[in-house]
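Residue numbers (this note's numbering), protein chains in the order written: chain A, 320 to 632; chain B, 320 to 632.
By construction, these hints were calculated from the structure, which means they are not laboratory data.
Bear in mind that the values here come from a model prediction, so they are computed numbers and not experimental data.
Hints should not be assumed to be uniformly reliable.
Stated by the list, open to error - Below, simulated DMTMM-like cross-link-like pairs (lysine to aspartate or glutamate); rule was C-alpha separation at most 25 Å, straight line:
1) A:Lys326 <-> B:Glu440
2) B:Lys460 <-> A:Glu450
3) A:Lys460 <-> B:Glu450
4) A:Lys470 <-> B:Glu450
5) A:Lys398 <-> A:Glu622
As the list claims (entries may be wrong) - With the Cβ distance kept under 7 Å, some of the chain A side facing chain B (calculated, not the full set):
6) Thr418
7) Ser421
8) Leu430
9) Tyr433
10) Ala434
11) His438
12) Pro441
13) Gln445
14) Ala471
15) Lys574
16) Gln588
17) Thr590
18) Gly593
19) Glu594
To be verified - According to the in silico footprint, chain B covers these stretches of chain A (three or more CB under 8 Å from chain B):
20) 407 to 417
21) 575 to 586
Ideal placement from N, C-alpha and C gives every residue a C-beta, glycine not left out.
Protein chains: 2
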Amino acid sequence: MLLLAVKAINASNREFLSQNGITVVTPDTITDEQIPKIVISYAWDNDIGEKILSDPNSKLKWIQAQSAGVDYLPLAQLKERHIIVTNASGLKATPIAQTVLSYILYFSRGLNVYATRHHWEPFTNQYLINELPVLVFGTGKIGQQIAAHIKAFGGTVYGVNTTGHDVPGFDAVYSMSNYQEALVKSRVVVDGLPGTKHTENFFDNQFFEQVNQLYLFINIGRGTTLNQNDLLSAIDDSRVKYAALDVTTPEPLPKNHPLFERPQVLITQHTSWGEHVNAGRTGGLFHLFELNVPSFVSQGIIEHNVVNLEKGY
Amino acid sequence: MLLLAVKAINASNREFLSQNGITVVTPDTITDEQIPKIVISYAWDNDIGEKILSDPNSKLKWIQAQSAGVDYLPLAQLKERHIIVTNASGLKATPIAQTVLSYILYFSRGLNVYATRHHWEPFTNQYLINELPVLVFGTGKIGQQIAAHIKAFGGTVYGVNTTGHDVPGFDAVYSMSNYQEALVKSRVVVDGLPGTKHTENFFDNQFFEQVNQLYLFINIGRGTTLNQNDLLSAIDDSRVKYAALDVTTPEPLPKNHPLFERPQVLITQHTSWGEHVNAGRTGGLFHLFELNVPSFVSQGIIEHNVVNLEKGY
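Using the sequences plus the hints, can you model the full thing?
The following block contains the structure:
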């Protein structure tokens with residue numbers, strides 16, 4: 320069975336694959352003959368991926384995405400061809416949740432003021448975590464980790480997901496069409512939504528018109544879920560006090576973009592996933608991938624991190 | 320029984336005192352005749368305090384300090400005269416511990432870089448809390464709260480106190496004369512020491528010579544415990560990478576002080592205690608004070624937050 324390693328696989332992991340009857344080829348060395356024989360794509364590259372999918376004899380069965388969001392994959396086409404996609408959901412929940420807490424504490428403890436203050440002028444207009452209830456859109460692994468941190472600080476945290484079904488760790492969970500009751504009680508909103516056609520521009524003027532002096536708006540989901548101009552308007556008329564954005568549209572954000580110019584906005588340039596132990600954006604990806612290998616090889620079954628190609632996450 | 324309210328006491332708290340037979344006078348309205356009759360000083364003012372102590376007929380029995388540290392009180396004289404001092408230890412443990420976490424996450428999640436970066440240049444040299452073991456000097460209420468937060472993030476936290484006696488919540492506790500084993504395992508040092516003759520200049524060249532690439536040095540104790548010039552040297556030759564100081568010598572720190580000029584140093588200007596619910600430096604002080612009132616009035620006994628005047632904390 321042939322696996323295309325778009326992301327590097329080290330020697331011991333290759334040995335594990337070999338024991339499962341899987342041979343690794345790389346984009347550099349792959350031959351035209353091997354293209355249709357690829358069964359697994361470990362991470363995804365659009366150029367070579369297109370070649371594989373356009374081959375009528377392609378044996379591609381499984382794509383292990385290198386990210387939690389999979390909006391850059393040709394999902395409709397993959398669904399039609401019964402190709403299974405697994406994502407990296409959970410892989411970066413720990414660092415991203417820590418970054419979310421860093422945002423909240425950065426503003427609430429006044430570090431945003433002190434970071435650039437080079438003279439003595441004390442700033443005491445500070446908050447405790449329990450004075451800033453948090454509403455998290457997206458109750459998956461990242462949302463749950465954020466909720467756990469907020470609770471550990473004695474805070475209040477609400478969740479929002481499609482149906483409003485209960486998720487452990489949140490004080491209450493609301494649905495995407497009925498979150499207003501939680502919004503009025505919240506001072507911090509975390510956008511942790513995946514990029515789908517349903518979430519595009521979800522955070523727009525209509526959303527921001529519902530808030531008044533929201534303390535902090537955070538985006539660690541997808542840039543597409545937020546209308547940045549509408550956020551800027553909301554900041555400029557004080558409906559939103561501060562914003563912390565890990566994702567933006569576009570990336571990179573051009574120099575002199577208004578988001579760079581507003582002192583109320585902190586931008587972490589799509590690096591909320593950073594850590595040392597698993598350095599690099601996909602560090603640790605193989606640990607997720609390998610869980611599915613034995614059952615896939617023996618029975619064609621994949622159980623963990625399977626993406627619903629209809630929903631897109 | 321007369322109480323001098325150096326800090327304001329509101330109507331309902333005055334009612335509580337009145338029910339316990341205590342009459343409130345304030346520095347503005349006190350008469351010379353009342354000076355020797357003061358039994359309790361609620362908070363301490365040096366000028367009026369000196370007047371009270373120099374009166375041979377003074378009935379002063381109890382000082383409720385407005386702070387956790389009491390190094391500004393004439394401790395030797397108070398001890399000689401058997402005057403009991405209670406401090407505000409614990410009152411600001413929650414906000415101060417949150418500020419300590421804000422410092423750690425500020426540097427570890429790269430916010431120190433992004434706070435002033437107005438162009439796209441991603442910074443991924445980030446750490447997780449569990450990659451940065453923390454050593455806290457001072458295992459009182461603030462230290463314990465810091466430890467709880469570090470553990471909630473999956474981190475490692477060691478404590479240091481005078482004798483090395485065990486304190487719940489720390490992975491291990493060491494003594495002030497034997498902390499080196501923990502120091503070599505730690506990447507973050509928190510100075511939470513009280514200001515006493517034993518702690519003066521504790522963090523000096525001799526201390527910093529023991530560290531190599533310490534990630535972060537934090538001072539939320541007393542400015543006097545740190546030799547700031549030695550810290551600056553340690554930063555300049557990379558023994559210490561970053562520093563976050565809530566307390567400094569002097570306060571206010573003068574403009575153009577080298578600590579203000581180093582980009583590696585964050586200074587929060589003695590406001591780590593900030594919060595909204597109990598706004599103001601001594602917000603909530605009465606809640607600590609009132610615990611001791613009934614037993615003091617009926618039996619002369621004070622049980623909570625009593626300072627050891629020999630040790631000074």
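Cross-check of the supplied hints:
no.	hint	result
1	A:Lys326 <-> B:Glu440	holds, 23 Å
2	B:Lys460 <-> A:Glu450	holds, 21 Å
3	A:Lys460 <-> B:Glu450	holds, 21 Å
4	A:Lys470 <-> B:Glu450	holds, 22 Å
5	A:Lys398 <-> A:Glu622	holds, 17 Å
6	Thr418	holds, 5 Å
7	Ser421	holds, 4 Å
8	Leu430	holds, 5 Å
9	Tyr433	holds, 5 Å
10	Ala434	holds, 4 Å
11	His438	holds, 5 Å
12	Pro441	holds, 4 Å
13	Gln445	holds, 3 Å
14	Ala471	holds, 4 Å
15	Lys574	holds, 5 Å
16	Gln588	holds, 4 Å
17	Thr590	holds, 5 Å
18	Gly593	holds, 3 Å
19	Glu594	holds, 5 Å
20	407 to 417	holds (count 3)
21	575 to 586	holds (count 4)
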